[in-house]
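**Q** Chain order of the listed sequences is A and B. My numbering puts the first residue of the first sequence at 6, with every later residue one more than the last. My numbering puts the first residue of the second sequence at 110, with every later residue one more than the last.
Quick caveat, the hints were computed from the structure, so don't treat them as lab data. Quantities reported herein were computed from a predicted structural model and do not represent experimental measurements. Take these hints with a grain of salt, some might be off.
Unchecked claim - Below, a list of computed lysine-lysine pairs in the DSBU-like style, where the Cα atoms sit at most 30 Å apart: (1) Lys206(B) with Lys457(B); (2) Lys457(B) with Lys48(A); (3) Lys206(B) with Lys258(B); (4) Lys48(A) with Lys201(B); (5) Lys220(B) with Lys487(B); (6) Lys139(B) with Lys220(B).
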Amino acid sequence: MRRWLVSGLAGALLLAGPAWSADVPPGGPPGASSCTGCHSGAKIADVVIPRIAGRKAEDIVTFMREYRSGAWPSSVMGRIAKGFDDQQTQAIAAWFAAQPE
Amino acid sequence: MTSRRTFLKGGVAAAVFAPAIASAQAAAGKVVVVGGGYAGATAARTLKTLRPATDVTLVEPNPVYTSCPFSNSVLANLREIGQQQFRYDGIKRTGVKVAETSVTAVDADAKSVTLADGSKLPYDRLVMNPGIDFIWNAIQGYDEAASQKMPHAWKAGAQTVLLRQQLQAMEDGGLVVMSVPANPYRCPPGPYERASLIAYWLKVWKPKSKLLLLDAKDAFSKQRLFQNGWAELYPGMIEWVSLSKGGKVTAVDPATLTFTTEFGSHKAAVANVIPPQRAGAIAAQAGVADRTGWCPVEPVSFESTLRPNIHVLGDAAIMGGMPKSAFAANAQAKVCAAALVELLAGRKAADPILINTCYSLLAADYGISVAGVYRPDKGQLTDVPGAGGNSPLEVVGGFRGQEALYASSWFRTITSEVFG
Ligand SMILES: Cc1cc2nc3c(=O)[nH]c(=O)nc-3n(C[C@H](O)[C@H](O)[C@H](O)COP(=O)(O)OP(=O)(O)OC[C@H]3O[C@@H](n4cnc5c(N)ncnc54)[C@H](O)[C@@H]3O)c2cc1C
Numbered sequence: 006m007r008r009w010l011v012s013g014l015a016g017a018l019l020l021a022g023p024a025w026s027a028d029v030p031p032g033g034p035p036g037a038s039s040c041t042g043c044h045s046g047a048k049i050a051d052v053v054i055p056r057i058a059g060r061k062a063e064d065i066v067t068f069m070r071e072y073r074s075g076a077w078p079s080s081v082m083g084r085i086a087k088g089f090d091d092q093q094t095q096a097i098a099a100w101f102a103a104q105p106e
Numbered sequence: 110m111t112s113r114r115t116f117l118k119g120g121v122a123a124a125v126f127a128p129a130i131a132s133a134q135a136a137a138g139k140v141v142v143v144g145g146g147y148a149g150a151t152a153a154r155t156l157k158t159l160r161p162a163t164d165v166t167l168v169e170p171n172p173v174y175t176s177c178p179f180s181n182s183v184l185a186n187l188r189e190i191g192q193q194q195f196r197y198d199g200i201k202r203t204g205v206k207v208a209e210t211s212v213t214a215v216d217a218d219a220k221s222v223t224l225a226d227g228s229k230l231p232y233d234r235l236v237m238n239p240g241i242d243f244i245w246n247a248i249q250g251y252d253e254a255a256s257q258k259m260p261h262a263w264k265a266g267a268q269t270v271l272l273r274q275q276l277q278a279m280e281d282g283g284l285v286v287m288s289v290p291a292n293p294y295r296c297p298p299g300p301y302e303r304a305s306l307i308a309y310w311l312k313v314w315k316p317k318s319k320l321l322l323l324d325a326k327d328a329f330s331k332q333r334l335f336q337n338g339w340a341e342l343y344p345g346m347i348e349w350v351s352l353s354k355g356g357k358v359t360a361v362d363p364a365t366l367t368f369t370t371e372f373g374s375h376k377a378a379v380a381n382v383i384p385p386q387r388a389g390a391i392a393a394q395a396g397v398a399d400r401t402g403w404c405p406v407e408p409v410s411f412e413s414t415l416r417p418n419i420h421v422l423g424d425a426a427i428m429g430g431m432p433k434s435a436f437a438a439n440a441q442a443k444v445c446a447a448a449l450v451e452l453l454a455g456r457k458a459a460d461p462i463l464i465n466t467c468y469s470l471l472a473a474d475y476g477i478s479v480a481g482v483y484r485p486d487k488g489q490l491t492d493v494p495g496a497g498g499n500s501p502l503e504v505v506g507g508f509r510g511q512e513a514l515y516a517s518s519w520f521r522t523i524t525s526e527v528f529g
């Protein structure tokens, strides 16, 4: 119960805050925390790499699939997307979709 | 006299308040973080953000951190050293206590660290991120005093500025000599990025000059991309001497700027020695470094396999397939902080996945990258098969320029996440 409450609050209010629930570890599903090295959590100036926080989960999943297959050309994302299966990608996408835009 | 009735009441009260007591205990927890580089600063800040009740102290002697990533651009006059420097105010604002001093000893049995003034700081979990130290005299004649004549510039700051001054003072036509160590060392592609950017600058300002890379290896990170780029951008300017061609430097003479290799000797106008390295000295003192000089860790929370309750991150640690990079240090620290939330609450941390991406510049507008995805496998962080790899060798116009833009975008983002 308490965990559920905290998780609801965190999802609503905090940027990179805790989202404790039975299946999502603190800090996000496996792989998610690495993404913010390039895809900034905060809004900062002078960056050409897009933010993914608050984007629609299905859009993130589609991009990752197309990067993985090479249908959408990329520099580094194709090489990274190949390290994640559909289920892992979906979990990461849902996590970022729940962050404030 | 305690009647059976009041006893029972007490029992009920205890049962009712049990969850509160349990969460108060879970809220407690002292974590000391040693070293405020990419690994330590990220770990301290992320843990405090994920679990605000934790008492987090970051111990770092320098009030200002000077970033190695992009310091090669300072050598090429593309950046100033001030643009490499970051303070800890942003981290303090998250509620992390910053102790501006060093850890001089770790007592793993007593779970406490000793600070430079002799005071002690107890911990439940210790996170060690001391980066690297140099093995002085591994190359005969190369000690700390010699680094004033032949800078390493492998810890950014005064050494970076010194090497840049020497390059600027050099006469056109001078020979720049760099010595590169065997693996493992901080930033595998870093020496080759440095050679590229020095050549970039020489080509404009000292076009008759040349650069000689003496290497203790026969192969290096992103090798074909670098060598193709050198042929395209700096034809005839950079000569790479591999281990088997006599590249390994065994001795130097700082008075004459001479390098001695297994096959002969080379006299430099400007000399850059990147010496062999090991984990920062405090790691060995704490008993978390093994005979290699680096720190073995398990691949989920990066706890030392040699001492319990001590986690080691970043360059100091042996991270399986992951290279010693700032990107990797930051990714490991975020995973470790999330794992600590679980461990401090008495739960188990789930298996992580980590990404690394390292950009190198061959010119201001020419970037290349190497990426990898890693997960625990057989006790080690291991490359996820089929993922990762280098930028393509053949590209359409604009690709290298785009990767150079991504490189500076990465630097802006990561430094803002860590120090902003
Ligand atoms: C020229 C160059 C270019 C690079 N370019 C890139 C790049 O483009 N991309 C990339 O990802 N990586 C790059 N790197 C690698 C990157 O710099 C390192 O991987 C990164 O700094 C590792 O972070 P760290 O926190 O482990 O160590 P560090 O950043 O070295 O931090 C260690 C900190 O610990 C402190 N410390 C040490 N001992 C103690 C003690 N006893 N008590 C308290 N504090 C202590 C030190 O003062 C220091 O602040 C480059 C490196 C070099 C040299």
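**Q** Each hint: holds or not?
**A** Do the hints match the structure? See the list:
1. Lys206(B) with Lys457(B): OK: Lys206(B) and Lys457(B) at ~27 Å, within 30 Å.
2. Lys457(B) with Lys48(A): violated (33 Å)
3. Lys206(B) with Lys258(B): With Cα atoms ~38 Å apart, Lys206(B) and Lys258(B) exceed 30 Å; violated.
4. Lys48(A) with Lys201(B): holds (20 Å)
5. Lys220(B) with Lys487(B): With a Cα-Cα distance of about 29 Å, the restraint between Lys220(B) and Lys487(B) holds, given a limit of 30 Å.
6. Lys139(B) with Lys220(B): Judged against 30 Å, a Cα distance of about 10 Å means the pair holds.
Consistency note: the structure conflicts with the earlier hints numbered 2 and 3.
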